[in-house]
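First residue of the sequence shown: 951, per our numbering; consecutive thereafter.
Calculated from the structure, these hints are not laboratory results. In this text, all values refer to a predicted model and were calculated from it rather than measured experimentally. Be aware that one or more of the hints could be misleading.
Keeping only pairs whose Cα atoms sit at most 30 Å apart, straight-line, the calculated DSSO-like set for lysine-lysine is [said to hold, decoys possible]:
(1) K1001 <-> K984
(2) K1021 <-> K1043
(3) K1038 <-> K1021
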Amino acid sequence: MTFLSTLLGGGWHWLAALGAVIAALGASYFGGKKIGKVQQQAKADVDSAHKEAGRAADIAHQQQQNREEAKRVEADNSNLDDAAARDKLQQSKYNQP
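Between the sequences and the hints, there should be enough to build the whole structure, so can you do that?
Right under this line is the structure:
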């Protein structure tokens, strides 16, 4: 009991300093925990954006290939005379019963 009365009577500034240190450690821990969650979410958002950009680039590339193939087929078809075009249509796999 004398130790406690000595601390409270003459060494109260030590208790205040200890309380301040404990409060600072608690604030540091919880603040760091919040910052860690925010950084983790930001990293997940960046990864998601990179994946979405990759998908968009793949789609654009595929659409470009489809346009080029359509232009090639159109050019091939425009070079055919009427008889050749008729034969091509009749022999098409889509014209079979």
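For this session: Please work out if K1001 and K984 have their alpha carbons no farther apart than 30 Å.
Result: At roughly 26 Å apart (the allowed maximum being 30 Å), K984 and K1001 satisfy the hint.
Exercise. Between K1038 and K1021, is the straight-line Cα distance small enough, at 30 Å or below?
Worked result: Satisfied, since the Cα-Cα distance of roughly 18 Å is no more than 30 Å.
Exercise. Holds or violated: K1021 with K1043, Cα cutoff 30 Å?
Worked result: Holds, because 21 Å separates the two Cα atoms, which is no more than 30 Å.
The structure fails none of the hints (numbered hints given earlier).
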